[in-house]
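So the sequence lines, in the order shown, correspond to chains A and B.
Counting from 1, one number per residue, gives the positions in the first sequence under our numbering.
Counting from 1001, one number per residue, gives the positions in the second sequence under our numbering.
Check the hints yourself; a few may be wrong.
Below, computed lysine-lysine pairings styled on DSSO-like, alpha-carbon distance capped at 27 Å [stated by the list, open to error]:
hint, chain 1, residue 1, chain 2, residue 2
1, A, Lys10, B, Lys1414
2, B, Lys1414, B, Lys1396
3, B, Lys1396, A, Lys116
Distance ranges between label pairs, derived from CB positions [claimed, not checked]:
hint, chain 1, residue 1, chain 2, residue 2, range
4, B, Lys1176, A, Thr51, 29 to 37 Å
5, A, Thr51, B, Glu1375, 39 to 47 Å
6, A, Ala99, B, Glu1375, 21 to 29 Å
7, A, Arg146, B, Glu1132, 49 to 57 Å
8, A, Glu39, B, Gln1388, 48 to 56 Å
9, B, Arg1015, A, Pro33, 42 to 50 Å
10, B, Tyr1411, A, Glu50, 58 to 66 Å
11, A, Pro84, B, Asp1044, 43 to 51 Å
12, B, Gly1085, A, Ala13, 30 to 38 Å
I should point out that these hints are in silico values taken from the structure, not numbers from a laboratory.
Backbone N, C-alpha and C define an ideal beta-carbon position, used for all residues, glycine too.
Each chain, written out:
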Amino acid sequence: MSARDNILKKLRAGLEGSTPRPDQFDETLVTEPWQYAPEDRIQRLRSLMETVHTEVYTLAAANWPAKVQELLENRRLANLLYAPGTGHGQQLAEFWAEAAAEQNLLAYDRPIEEWKEELFWQVDASITGTAGAIAATGSLVLWPDRHEPRLMSLLPPLHIALLKASEVEDNLYVMMEKQNWPAGLPTNLLLVSGPSKTADIEQVLAYGAHGPKELVVLILEDA
Amino acid sequence: MSQRIPVKELTDSFRGRAVGALADAQLRTNFRVAMDSLMKKRADAFPDEEEREGLRELGNHIKARALSRLPDLLEQLEAKLTENGVHVHWAETTEEANRIVHTIIESKQGSQVVKGKSMVSEEMEMNDYLAERDIECLESDMGEYIVQLDGEKPSHIIMPAIHKNRRQVSKLFHNKLGVDETDDVNELIQIGRRTLRKKFLEADVGVSGVNFAIAETGTLLLVENEGNGRMSTTVPPVHVAVTGIEKVVANLRDVAPLLSLLTRSALGQPITTYVNMISGPRKADELDGPEEVHLVLLDNGRSGAFADAQLRQTLNCIRCGACMNHCPVYTRVGGHTYGEVYPGPIGKIVTPHMVGLDHVPDHPSASSLCGACGEVCPVKIPIPELLQRLRQENVKSPDEPAVVQGGGSKYSWKERALWRMWMALNTRPTLYKCFLWAATRLGKLTPKNLGPWTENHTAPVPARRSLHDLAKAHLNAEKTSGDRS
Ligand code: SF4
């Protein structure tokens, strides 16, 4: 008999004579304590994210590419990784061409194997979209796909994320329901709630453990 | 007391190691400081008692419900993952699990592995197994990395290097990596970051644990703060996840409360920096992610615990570490004293099923049964009850069937006979009266050496008159004076 059969057999023997417990999931326990009035929702998100060293800016939707450029300029960064196949990627590229911005735009347009070294060591910053955010825990939802690969939010020391103000939900449970997650998840769905950190030495908090040292969230208000 | 313990026992038994740990002032300070801060963080993260208790009840319900259909859920998980393109393997023993992992690595001619934090891989002693086969298996969680670099084992399931302070880490880095010594924690972390980033880049295979495996969607969910888990599961061309069979939950929505319980109980955080949900390997048109994803489901004694309805509750555990943070014994003796992968209260109730009660006979008794662990456990495992049950299992006579492997290892006919006598004394009034008469009159004859008791105490001398006697006399006196007035 295979290990699988043995394990399942033992488990089934252990359950003999018992009946499965009914599902009594009480969703109010995960929703009611985490509900916010519309005007408080973004404030909650913002303050939670700021507590863990995230920079948050709220701006009019049209202004974000200029803000990105400013962020790079202030930090004297030389390049920015972006996703050319996305709407915001195209918007960014257009702005960059018009403004004749000096920072290099790097397009994530080929498999990682072709430029692993460069991605690991030479990229200063990246910009990605988000699939919304969760106010209760101060989390961004990232839904990577072929256009916006997963490593964009992990390898560069600075990660800039765009968030639509209208896509902030109260809590994880509501987010799952609204976006119907069980119906189809991407290969890698992520919740990101700040820059990478660790407290493994003497519980002293240090940022930039393995992922980004800085996370900047641009909340875009609908025009 | 320490002179009485043979040298071998000093390192080979819980008692012996405890003596050493208790005498180590630095170690005790490191743990005391850390546990105090972790307890405070947890308390701050649950300001509303009603909310906390409701959520714990729900957490318990979700795990109990999952366990009540465990075999079906495992099959569903396997089917869903397979549909998603993930290879699922089953292992009854750690040896089998190691062989599976090794075969996968060999098939890719891999020689370098990076590992995200995984307690199950510690159970397997995977690092050693692979090292013996010329495969480098590097820990990438900062704490695990520090511990591995020093040839040690983790002393806490969430904070593996909690027993070390910054100076000890700085010395270690200096000796092993040739960097300058520094007292700056940030700088120490940056040294780790640079060293490990190179390893992520080169690795052939990434190994990780799993916090929750979701049957409904075929998803492996991992939580972490550092990003090393994401690195290990995203960068190398192959990702192998190893986990215990108890980690499966039915539905995606079940993780909403469990996640909240886990991160708040463990670190007092509303959520970890990353929640990483993996539902398959890289798709044909995607640009990164592993081309192959494997899941190894490990039993290693869990089905033994499962067989008993009471002990089954051990498998509710979501490995938050809160029970050890709140344990007065753990705080004083530290994680290494337990001598096994899982320390603290959870270690005491889970390890016997993995290695046998006869290997860890002191585990269930190394507790004052104060109840703190059971009170904080986010999935409401009645740890003190389970400890008592394991104590009973370990003194069962050899004729009774063993429920836990290695059970009955502390059985002693002498002890059994003594307790029988004690019971007889206390249930037969005539016998009891005779005993009382003898004890009060012949108290002087009590031996000076009463075994372990007199190691730390003076031998008790029975009073000349029993309490019973005194009370009677008192009542009589009252009665007489009452009559008079
Ligand atoms: S037994 Fe409970 S408190 Fe201890 S690690 Fe497991 S879930 Fe946490």
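Status of the hints after comparison with the structure:
1. Between Lys10 of chain A and Lys1414 of chain B the CA atoms are separated by roughly 36 Å; this puts the pair beyond 27 Å, and the hint is violated.
2. Among the hinted pairs, Lys1414 of chain B with Lys1396 of chain B is consistent with the structure: their alpha-carbon atoms are about 13 Å apart, no more than 27 Å.
3. A hinted pair counts as satisfied when its Cα atoms are at most 27 Å apart, and Lys1396 of chain B with Lys116 of chain A does not qualify at roughly 60 Å.
4. In this structure, Lys1176 of chain B and Thr51 of chain A meet the distance hint of 29 to 37 Å, their C-beta atoms being roughly 35 Å apart.
5. Against the hinted window of 39 to 47 Å, the Cβ-Cβ separation of Thr51 of chain A and Glu1375 of chain B comes to about 28 Å, which falls outside the hint.
6. Range check, Ala99 of chain A to Glu1375 of chain B: about 60 Å between beta-carbon atoms, so the 21 to 29 Å window is missed.
7. About 40 Å separates the C-beta atoms of Arg146 of chain A and Glu1132 of chain B, a value inconsistent with the hinted range of 49 to 57 Å.
8. The hinted range of 48 to 56 Å is satisfied by Glu39 of chain A and Gln1388 of chain B, whose Cβ atoms lie roughly 53 Å apart.
9. Against the hinted window of 42 to 50 Å, the Cβ-Cβ separation of Arg1015 of chain B and Pro33 of chain A comes to about 45 Å, which satisfies the hint.
10. Taking the beta carbon of each, Tyr1411 of chain B and Glu50 of chain A are about 60 Å apart, inside 58 to 66 Å as hinted.
11. With their beta carbons about 44 Å apart, Pro84 of chain A and Asp1044 of chain B fall inside the hinted range of 43 to 51 Å.
12. Taking the beta carbon of each, Gly1085 of chain B and Ala13 of chain A are about 32 Å apart, inside 30 to 38 Å as hinted.
Hint violations for this structure: numbers 1, 3, 5, 6 and 7, all remaining hints satisfied.
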